[in-house]
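2 protein chains.
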Amino acid sequence: MMDRLYRQAYQTALAARHPLLVSHPKPDGDTLGAMLAFGATLEAAGKTHTRFCADAVPRQYRFMAGVERVTADREAVGRSSPDAVFVFDAGDLKYAGIEELIRELGRPKIVNIDHHNSNQRYGDINVVVPDASSTAEVVHRLLAANGAIVDREIATCLLTGLCTDTSNFSNPATSASALKLGAELLRRGAKFAAVQKYLFQNKSAAALRLWGIALSRLTVNEKYGLAFTVITENDLEHTAAKGEITEGISNFLNAVLNVPTVLVLREDAGGLVRGSLRTNGGRDVSRLAQALGGGGHKKAAGFTIKGRLVEEQGNWKIKQF
Amino acid sequence: MMDRLYRQAYQTALAARHPLLVSHPKPDGDTLGAMLAFGATLEAAGKTHTRFCADAVPRQYRFMAGVERVTADREAVGRSSPDAVFVFDAGDLKYAGIEELIRELGRPKIVNIDHHNSNQRYGDINVVVPDASSTAEVVHRLLAANGAIVDREIATCLLTGLCTDTSNFSNPATSASALKLGAELLRRGAKFAAVQKYLFQNKSAAALRLWGIALSRLTVNEKYGLAFTVITENDLEHTAAKGEITEGISNFLNAVLNVPTVLVLREDAGGLVRGSLRTNGGRDVSRLAQALGGGGHKKAAGFTIKGRLVEEQGNWKIKQF
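The listed protein sequences derive, respectively, from chains A and B. Note that my numbering has the first sequence beginning at 5, numbered continuously upward. Note that my numbering has the second sequence beginning at 5, numbered continuously upward.
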């Protein structure tokens with residue numbers, strides 16, 4: 005059943021005049037690794053194609069082969085007149101960043117390759133495999149069903165996707181089949197040390213000093229099984245750290261702390277406070293986030309409220325003015 | 005070749021009057037997981053035996069089945085008059101904590117089960133497999149060669165050893181065969197979430213506040229590719245954190261920081277300063293440690309010197325009095 009879909013998807017690429025491959029905006033290792041592995045396979049088959057992502061590829065992913073061919077130039081994509089569009093790791097066309105582009109292109113065939121069960125099945129062909137750990141794992145199954153050769157570079161792209169979505173074989177997406185795929189990719193020569201280095205050993209001392217300030221303020225409410233910390237605008241100014249610091253800290257705390265739920269509050273421009281919630285317990289943190297006007301998943305959610313963070317007698321509070 | 009050794013080792017246990025299984029002192033997840041998996045297999049075969057570790061089993065490992073049967077009572081072990089001793093994950097009998105005990109026991113047969121290439125081959129049977137990620141992986145191969153059944157509890161013990169020695173599938177011991185074993189153990193029902201929780205999600209808020217203080221002081225010497233931080237006795241008093249804090253911080257920094265070498269200095273009782281070195285670059289940190297009177301491995305080393313940590317104009321220094 006799936007094998008037929010895998011073959012249909014691959015044949016669609018080979019039969020197209022000009023396939024377009026798409027990673028979603030704010031790209032992560034899975035959307036990029038899956039697209040680049042598929043692209044390298046098309047290239048090996050002599051199939052000219054375009055690789056698109058609406059946002060620039062972050063530096064940490066630029067070690068993957070073929071990443072330099074990913075363009076954010078929508079007009080160039082339009083000029084190449086793609087007649088088949090392959091979308092990797094995106095639940096709908098808006099999330100993929102190509103809703104408008106698809107309208108401009110007339111009626112290209114859409115092949116939707118993903119592992120999220122919430123995927124909207126928006127494709128002409130929907131290769132959606134919810135039991136896969138990652139879109140990289142879906143692409144690996146697709147390549148295997150088509151007898152494609154997984155060389156060292158393709159294996160490295162797929163391993164990047166796999167390690168991204170399993171948080172390096174630690175989160176609940178780490179199935180037997182995910183570990184078996186990891187083994188297979190290492191046998192194919194995947195550059196494991198590079199994946200570790202670029203995905204995980206990538207934090208600057210400035211960022212970790214900010215983590216340090218946040219950790220040193222960690223407090224626990226035992227009754228609610230909640231650990232809590234704050235980052236002020238003042239902290240951000242003093243450490244010169246940039247990027248997705250809050251998410252990084254809440255993910256880290258969730259991975260090492262012996263408390264089931266974590267909340268990191270961070271002051272943001274415009275008098276806002278952003279909250280990042282994580283849990284590895286049975287609680288559904290999206291409900292708490294929703295009550296505060298935010299949203300997310302059961303295990304990871306967030307919200308934004310007006311206010312400032314103020315310390316009073318050793319306790320941090322959100323003050324609303 | 006290896007299969008013959010594996011069968012010989014297992015037959016030695018079944019043929020003995022009373023086998024003794026040994027984990028090394030300061031036990032980690034690998035020495036314990038390997039011993040407990042082997043012990044559970046003997047138990048399933050109806051073979052009475054004793055499980056020994058010179059130190060008490062730390063709380064974080066007590067989720068493994070059969071751990072309550074591990075004794076630190078050397079006299080009780082002597083009274084059971086073991087005639088075959090199985091040592092797990094120890095390079096020599098001194099490291100195993102049983103040098104004296106072995107002398108007292110007369111001449112028991114010794115079976116040495118390990119994965120370290122530096123192992124002294126001190127056994128009558130030496131099952132030393134340097135290409136294995138962990139002693140747990142060696143035990144898995146041994147059980148497979150003997151047709152033993154790996155049930156859910158045994159799989160959980162082996163997964164604990166595997167995740168311990170590969171730093172949860174992240175360090176260079178993470179081979180294709182290590183990942184394949186992980187897949188196999190999950191298929192056998194190994195309790196992956198429990199292993200994650202007890203091995204990694206086990207840090208107290210007090211410990212992480214101390215990590216925070218250390219991280220907030222992180223400085224980098226770009227020229228030497230060295231990141232550096234300090235923990236004073238005063239910090240230790242203020243956070244009520246206990247245990248192997250220094251090693252934890254240096255391992256963490258080595259895993260996430262974009263600087264190849266890490267040094268954590270910590271004040272200790274008696275006017276001493278302990279240094280913990282880690283690298284993921286090409287440098288051999290054991291040479292630096294040796295120059296300071298310490299030692300260790302290429303990638304992880306340590307030393308102890310006399311002195312106090314003093315901050316002068318924003319820079320931390322070791323003052324020797």
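These are calculated hints, taken from the structure and not from any lab test. Treat the hints with care, since some could be wrong.
Note that identical chains are pooled: a pair holds if it fits in a single copy or bridges any two copies.
Claimed, not checked - Cross-link-like lysine-lysine pairs, in silico, DSSO-like; alpha carbons within 30 Å at most:
hint : residue 1 : residue 2
1    : Lys195    : Lys323
2    : Lys303    : Lys201
3    : Lys302    : Lys195
4    : Lys303    : Lys51
5    : Lys227    : Lys195
6    : Lys310    : Lys184
7    : Lys184    : Lys195
8    : Lys201    : Lys227
9    : Lys321    : Lys98
10   : Lys227    : Lys30
11   : Lys184    : Lys303
12   : Lys113    : Lys302
13   : Lys113    : Lys227
14   : Lys195    : Lys310
15   : Lys51     : Lys310
16   : Lys98     : Lys184
17   : Lys98     : Lys30
As a check of your reading, is Lys302 near Lys195 (CA-CA no more than 30 Å) within one copy, between copies, both or neither? between (33 Å within a copy, 21 Å between copies)
Intra- versus inter-subunit Cα pairing at 30 Å for Lys195 with Lys323: Neither: 49 Å inside a chain and 43 Å across chains, both beyond 30 Å.
Reference check for the pair Lys184 and Lys195, CA-CA at most 30 Å: within, between, both, or neither? both (16 Å within a copy, 17 Å between copies)
At most 30 Å between alpha carbons: which applies to Lys195 and Lys310, within, between, both or neither? neither (45 Å within a copy, 42 Å between copies)
Is it within, between, both or neither when you check Lys303 against Lys201 at 30 Å Cα-Cα? Answer is both: 26 Å inside a copy and 15 Å across each meet the 30 Å cutoff.
At 30 Å max between alpha carbons, let me know whether Lys321 reaches Lys98 within a copy, between copies, both or neither. neither (37 Å within a copy, 55 Å between copies)
Alpha-carbon proximity context of Lys98 and Lys30, limit 30 Å: within (13 Å within a copy, 54 Å between copies)
How would you label the pair Lys184, Lys303 (within, between, both, or neither) given a Cα cut-off of 30 Å? For Lys184 and Lys303, both the intra-copy (25 Å) and inter-copy (28 Å) Cα distances are at most 30 Å.
Status of Lys227 relative to Lys201 across identical chains (alpha carbons, at most 30 Å): between (39 Å within a copy, 20 Å between copies)
Intra- versus inter-copy proximity for Lys227 and Lys113 (alpha-carbon distance at most 30 Å): neither (54 Å within a copy, 54 Å between copies)
Could you place Lys227 and Lys30 in one of the four classes (within, between, both, neither) given a Cα distance threshold of 30 Å? neither (37 Å within a copy, 33 Å between copies)
One pair to classify: Lys310 and Lys184, alpha carbons no more than 30 Å apart. Within, between, both, or neither? neither (47 Å within a copy, 49 Å between copies)
This entry does not satisfy hints 1, 4, 6, 9, 10, 12, 13, 14, 15, 16, going by the numbered hints stated previously.
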